[in-house]
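Chemist: Sequence:
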Amino acid sequence: MPWLKSLFFIACLTGVINSAQAGVLIGGTRIIYDGAKKEAAISVTNEDKNSPYLIQSWVDNFDTNNTNKVPFMVTPPLFRLDGGKESSLRILFTGNKLPQDRESIYWLNIKSIPSSPKSDSNQLFISIKNRIKLFYRPSGLVGHAADAYKALSFSRQGNQLLVNNPTAYHASFHTLKVGTHEIKGALMVAPKSTLTIELPAGTSNTVSWQVINDFGGTSDIATANL
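Numbering (mature numbering (1 follows the signal peptide of the UniProt record, and there is no 0)), first residue to last: -22 to -1, 1 to 204.
Because the hints were derived from the structure by calculation, they are not lab data. C-beta atoms are modelled at their ideal positions from N, C-alpha and C, and glycine is treated no differently. You may find that some hints are simply not true.
Unchecked claim - Quick list of the computed label-pair ranges, beta carbon to beta carbon:
1) P77 with T174: 21 to 29 Å
2) A129 with I10: 15 to 23 Å
3) K63 with G180: 50 to 58 Å
4) G180 with F57: 50 to 58 Å
5) S117 with K162: 34 to 42 Å
6) L32 with S133: 44 to 52 Å
Construct all of the structure, not just a fragment, from the sequences and the given hints.
Modeler: Rendered as structure tokens:
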């Protein structure tokens, strides 16, 4: 029956994707590039002891409308990672000028391409691409990144919530609530900028939030009144 074939295909596809995701482990959910250092690094581990992967990596602009040349390179950009092995990706700053009074953000892309044995020529293999936030943090910034979330301020204009970030650091929300209304989505407010969020009518005047820290964990809950 056609529906049975479709179900079988989906099951096979899901199995392959899960296998690929389980095979390659990225050693972090974000990278902080310390501007005082020559490079940053992140580990890549092949947890599938029986199959090698090709690892392809590169950096993109975070803003898709930004056409400036990306000031980072990844080495090695393409390599074979054998089963059960670990390697490191080094991110190098190429020296292009970036703001020195605030963080800049980019995407680190890591694509894991599974091997395709000849005996499995009829099997579908799916490559998995991970995107990790890469924060370039100039040396000598005012304040501490771990405390930046405490400096966020909130105000309301009609049915809009305005989030102001006066600090030099990005604030990536883990949770953001106005009263009992949870605002969904991977929201982030850039340094020295304001984020505008639409609110449903009838929300209360109490805001609570947590942000994601440098290590991928979460901050304490902070609260404020509008």
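Chemist: So, against the hints stated earlier in the document, which numbers end up violated here?
Modeler: When the structure is compared with the hints, none of them turns out to be violated.
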